[in-house]
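Chain by chain, the residues:
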Amino acid sequence: NAGVMQNPRHLVRRRGQEARLRCSPMKGHSHVYWYRQLPEEGLKFMVYLQKENIIDESGMPKERFSAEFPKEGPSILRIQQVVRGDSAAYFCASCLLGRNTEAFFGQGTRLTVV
Amino acid sequence: DQQVKQNSPSLSVQEGRISILNCDYTNSMFDYFLWYKKYPAEGPTFLISISSIKDKNEDGRFTVFLNKSAKHLSLHIVPSQPGDSAVYFCAASANAGNMLTFGGGTRLMVKP
Chain A
1 NAGVMQNPRH LVRRRGQEAR LRCSPMKGHS HVYWYRQLPE EGLKFMVYLQ
51 KENIIDESGM PKERFSAEFP KEGPSILRIQ QVVRGDSAAY FCASCLLGRN
101 TEAFFGQGTR LTVV
Chain B
1 DQQVKQNSPS LSVQEGRISI LNCDYTNSMF DYFLWYKKYP AEGPTFLISI
51 SSIKDKNEDG RFTVFLNKSA KHLSLHIVPS QPGDSAVYFC AASANAGNML
101 TFGGGTRLMV KP
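Each protein sequence line maps, in turn, to chains A and B.
In terms of my numbering, the first sequence opens at residue 1 and continues consecutively.
In terms of my numbering, the second sequence opens at residue 1 and continues consecutively.
Fair warning: there could be bad hints in the mix.
Covered stretches of chain A, as calculated for chain B (at least 3 residues, CB under 8 Å) [unchecked claim]: (1) 35 to 45; (2) 105 to 111.
Taking lysine-lysine pairs in the PhoX-like style, the calculated list, with each CA pair at most 25 Å apart, reads [claimed, not checked]: (3) B:Lys68 <-> A:Lys44; (4) A:Lys27 <-> B:Lys37; (5) A:Lys44 <-> B:Lys37; (6) B:Lys5 <-> B:Lys37; (7) B:Lys56 <-> B:Lys37; (8) A:Lys44 <-> B:Lys71.
One side of the interface only, derived from the structure: several residues of chain A facing chain B at Cβ under 8 Å [as the list claims (entries may be wrong)]: (9) Tyr48; (10) Glu52; (11) Asp56; (12) Phe91.
No lab work stands behind these hints, which were simulated from the structure alone.
All C-beta atoms, glycine included, are put in the ideal place defined by N, C-alpha and C.
With the hints as extra help, turn the sequences into a complete structure.
Right, dumping it as structure tokens:
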């Protein structure tokens, strides 16, 4: 019973390139969160999705960032035209439908923009 | 505007003693609280949770206490072990949905 799988674990991009981060939730989980952890900071909520629907994107920067969770396949967090300030660890978590259930996290993708 | 705060960035404790990690929140709509543990280069792992209808939940060496009137929760680890050394995050969710709001984390160091 695989946990939340994120890939790649490490991603290096030059300024101006695009970064695509993938997240496969735990089997049976229909909801996915994305969080970002900047160096020396806590986890900041970015977006909350269910399949084919964005539930809450209040934590997403207004430009360059987008997320999707298609009917088939992993959830994708896409960052266009990356800048140095995008360098961070990006964590995906999944949970079952319903309230008061814990979210299970993947191991994260560490994005470095050079 | 931080709705969940962990005011101690770090805590050092001797092996075998009690570790107490604190968390304060401001949003009175929060009704479910969780603690996560995070090792370097790994994702957070769920530790223990508590619903607002309770004031205490215990799981082995870990106990979470909730004081709703003070909007405060704490995680007690006893006895502390060197393997407990990690960053601990508290998180909260409101009845509007499952979105978790995290605190900034407390780095716990347990000395042998």
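Could you tell me which of the numbered hints above are not met by this structure, giving the numbers in increasing order? 10
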